[in-house]
Amino acid sequence: MHPIGTVHYLALSTALLLIGTVGVLTRRNIVIILMSIELILNAVNINLIVFSRALHSVSGQVFAIFVITDAVAEAAVGLGILIALFRNKETVLADEIDLLKW
Amino acid sequence: MLIDTVLFYIFALLVLGGGLLTITRRNAVHSAISLIVSLLGVAGLYLLQQAEFLFAVQIVLYVGGIMVLFLFVIMLVNLDEAAKERQFNRQWLVALVAVAAVGAQLAWFIYKGKDAFHFAENAAAALPEAVGNTEQVADSLFREYLLPFEIASVLLLVAVVGSVVMAKKRI
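In order, the protein sequences belong to chains A and B. Under the numbering used here, think of the first position of the first sequence as 1, with each following residue one higher. Under the numbering used here, think of the first position of the second sequence as 1001, with each following residue one higher.
These are computed hints drawn from the structure, not numbers from a lab. As the structure is a prediction and not an experimental result, all values here were calculated from the model. The reader is advised that the hints may include incorrect statements.
Result set (DSS-like, lysine-lysine): computed pairs, CA atoms no more than 27 Å apart in a straight line [unchecked claim]:
no. : chain 1 : residue 1 : chain 2 : residue 2
1   : A       : K89       : B       : K1084
2   : B       : K1168     : A       : K89
3   : A       : K89       : B       : K1169
Take the sequences, apply the hints, and build the full model.
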């Protein structure tokens, strides 16, 4: 049995990235689309942390902090947009918001 | 070594199981709870990788901050109607095929390059860490990455102003 190495973590983060992508592309509910984006960002963070350990450099962890900051900003603005949309259109389904479609 | 392996698989199960439940549940609250399980699994992986500071940040910020924000919005927005409707859009088959193609590429890259990833893994045990993880992160953050740190604070300010403007009734 192999000890757990970098490759195992990379495979795990790839799987998490793909799960998040499927969520973003197929769900209709905007709240769950935003949650899937959080899954994608976490997959990136796992990669950053693993390479930070493998390369003996703490920069990866600092970048992970920046990614978390971005995730916070994105979630706050995204949920604000969602509330504004729900107030005007009374729906949270992504494919029913088609103001720019004709 | 064995306990590392067992813990890795437990956390991997939490991460992937939580992620799968997040994108398949009909009720948004159930999705949020599954996402919390997944994020806690990621925090455990950080701990296994000796990133103790990020472990704490993950739990305090993600589970304690972002997920509470999500649950508040789920409470504010009426999701009962949406739960009765179709949950997946019409393009789901195309999306699955595209994601499978990307996944096959990534899996192939990882499989072909798996021997290249063993760099420096043996040296990790040889170097005892003189200072703690939090101290290292702080040194790096406030010396090398001071400007990005300040820019990140401006980004957060913009996000605060933006979300307040979005949530206002009349601008």
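These are the hints, each one checked on the structure:
no., hint, in the structure
1, A:K89 - B:K1084, "holds, 18 Å"
2, B:K1168 - A:K89, "holds, 16 Å"
3, A:K89 - B:K1169, "holds, 14 Å"
The earlier numbered hints are all upheld by this structure, with none contradicted.
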